[in-house]
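As they're listed, the protein sequences go chains B and W.
1 is the number of the first residue of the first sequence in the working numbering; add one for each residue after it.
97 is the number of the first residue of the second sequence in the working numbering; add one for each residue after it.
FYI, nobody ran anything at the bench for these hints, they're computed from the structure.
These numbers were taken from a predicted model, which means no experiment stands behind them.
The beta carbon of each residue, even a glycine, is placed where N, CA and C say it ideally should be.
You may find that some hints are simply not true.
Derived DEER-like restraints, expressed as beta-carbon distance ranges [what the hints assert, rightly or not]:
| no. | chain 1 | residue 1 | chain 2 | residue 2 | range |
| --- | --- | --- | --- | --- | --- |
| 1 | W | 488 | B | 74 | 29 to 39 Å |
| 2 | W | 629 | B | 70 | 45 to 55 Å |
| 3 | W | 650 | B | 70 | 23 to 33 Å |
Listed here are the chains, written in short residue letters.
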Amino acid sequence: MKTSKLFLKLQNFFNPEYAKNKSAARELKIILKKLKKKEGTLIELLDQIKDPELQKLYRTELEIIRIQRAKGLVILQDIREKLHKKALDSKLPLSK
Amino acid sequence: MQKIFLVVSIAILAAGFWVSNEFKGIAAGVAIFLFGMLSLEQGFKAFTGGALERILQKTTNSQWKSLIFGLVSTTLVQSSSLVSIITISFLSAGLLDLAASIGIIFGANLGTSTGAWLIAGFGLKVEISEYAMPMLAFGILFVLQKDKKLQHVGYILAGLGFLFLGIYFMKESFESIKDNLRLVDYAMPGIQGLLIYTALGIAATVIMQSSHATMVLIITALSVHQITYENALALAIGSNIGTTITAIIGSLSANANGKRLAGAHLLFNVITGLIALIGIRYFMQSVDFITQRMGFDPEDNTLKLATFHSLFNTVGIVVLFPFIGHMVTLFQRLIKDKRSSVFKPQYLNHSATEFPETLIESVRLESLHLYDNAIHIILKTFGLHRRDLGDNDALWNTLEKQRDAIEYDIESSYNKRIKEIYSAIIAFISQATFARNVEKTSRLYWLREADRQIVEAIKDTKHLQKNWMRYSIAYNVNTRREYKKIAYQIALLIKDIEIFRKNIEQDELPFLSLDTLKAKIEEDDIHITRRIETLIRENKITPETGSSLINDSSYMYSIKSNLLKMAETLFLQKNIQAIHPELKLSLDESEIMNVVETVNASKQP
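Based on the provided sequences and hints, a complete structural model is requested.
Take a look at the structure:
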């Protein structure tokens with residue numbers, strides 16, 4: 001095992017909360033990326049569609065995705081702050 | 097049958113105790129050994145805490161991996177019975193396929209031969225009781241602790257202690273029996289001896305239901321020269337065949353797949369036994385060669401027996417492993433699936449209650465069955481069928497064309513298609529013995545909630561049916577159309593749920609995509625209320641009809657909400673870990689309402 005990997009494992013072992021937050025941030029970033037992609041696809045679709053019923057349906061979906069993303073960004077910011085504080089407390093490398 | 101068997105066993109034991117003092121020692125040794133096996137099994141079963149199940153699910157995607165899993169797990173827990181029971185349980189719940197299960201059983205057969213090595217190589221070479229006593233003392237001390245983990249360690253330690261103590265008793269009794277009785281005088285050479293001792297090995301293992309116990313008995317008797325080496329080999333072959341009794345008994349309460357697995361297990365062990373019997377001379381020569389190369393004492397027949405046990409099981413695997421696919425086909429032909437009625441529970445087998453994972457999966461599958469039956473009833477109430485859900489325009493036309501309202505007997509359908517399955521699920525869940533496992537208990541809780549929501553949806557449909565029968569064929573075109581729209585919207589939501597169910601694997605964010613359906617339900621509710629108000633205001637329907645419509649639109653809202661909540665639980669349960677991060681991003685009721693209002697407002701100039 002490489003030293004950096006061993007160091008990471010030790011770090012996770014001694015700071016389970018830090019590791020948990022890091023993993024939550026990672027998972028959240030993946031979800032946010034998928035939501036952004038979905039948002040882009042819907043915007044493109046909305047430009048092409050003329051049927052008002054279908055347009056309304058997509059607008060609703062788009063609005064939902066925007067709120068989901070906004071919620072996700074707030075949670076991600078919160079996790080990042082926690083990680084930042086923890087890193088400063090224990091002089092750990094900051095999460096990217 | 098079982099009672100007769102018990103009476104005969106008691107009579108034989110009593111007669112044995114009467115005749116011989118040493119017999120008491122041997123019987124007590126076997127009893128202590130079996131008790132040790134039970135304790136060990138209990139310890140491992142609880143101690144694994146799902147770990148064995150998790151590994152089982154991940155490592156059995158190929159037949160080789162299944163074989164290795166069977167070999168390693170049986171070697172570690174020293175119980176092929178436990179591995180067989182887990183396998184049957186997982187197979188019954190549909191978490192494993194038959195080919196992988198057969199692979200595990202092959203591996204477990206070889207794994208069980210490590211027990212013979214432990215007894216021959218370690219159990220008889222050291223003063224085993226020296227180890228047994230402290231293990232028992234520490235084991236029982238741990239069992240009495242409140243901490244569950246310590247308790248499980250205690251069961252394992254005590255189990256090992258009892259195993260060792262049992263071996264010690266058997267060894268001592270065989271030593272002392274030498275002075276009064278020489279069993280070796282009854283030794284039978286040749287084919288006759290081979291067959292009779294094989295039959296004796298089968299009988300002993302069937303009675304004790306443990307090939308481990310039979311092997312210990314054989315090895316201890318062999319170590320004090322109470323039986324000949326040739327007869328010991330035949331007994332070992334017999335015990336290998338007799339051990340299938342555990343899987344056969346276990347499969348009695350399992351479904352067709354469980355029975356097929358027990359059949360394949362029996363076939364494998366019988367063929368392996370026949371190979372060993374036919375080629376006994378060659379096997380003996382090979383064993384002599386191997387033990388000589390490994391530097392064992394040529395006079396040590398116990399180690400030679402252990403080598404023989406491993407060798408003929410390995411040969412069996414080499415010969416039969418390529419035919420696993422054929423075995424699957426053969427047993428699928430021989431043991432047919434029972435043509436189960438849609439009205440009866442299909443997945444709730446007793447064997448699936450052994451482990452939390454299999455119990456939860458069985459409940460999930462049965463709940464899906466309940467959902468399918470419920471959808472049938474709801475659609476039938478509005479004169480529809482699943483096949484009508486294809487095209488939206490065609491669906492509306494089907495509803496529009498209905499000139500007569502045929503009363504569908506929901507009460508009788510509920511009793512036939514729902515009640516028995518729902519009751520069976522509740523009874524099945526009540527057998528769950530993992531109350532302390534919060535995660536698994538909550539999964540069961542949510543499944544029970546989903547079932548309740550399904551039943552609620554049917555009850556609301558029944559309430560709605562009364563006015564549907566009256567107004568869906570009313571002369572007033574507006575009244576008629578509004579009722580048809582209620583049926584149409586319910587059918588559309590069922591269609592959306594069916595699409596969601598079908599595409600769940602492809603949907604990257606399945607849980608979050610349900611928010612759109614929630615918004616649609618809210619929007620439909622707002623629209624129907626507005627339409628009813630307009631119709632009353634413009635005197636197109638009477639206020640009495642309007643109030644009925646308002647009541648029935650609430651039933652529609654309730655049916656749709658219950659079905660959607662059910663879908664959230666039932667279809668996403670299997671991937672509960674994967675959707676966990678999405679939960680925090682999902683919109684609550686007020687946020688959904690805000691979205692609907694924002695979109696509606698933006699439409700207006």
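Quiz prompt | Contradicted hints - numbers only | solution = Of the numbered hints, just 2 does not hold.
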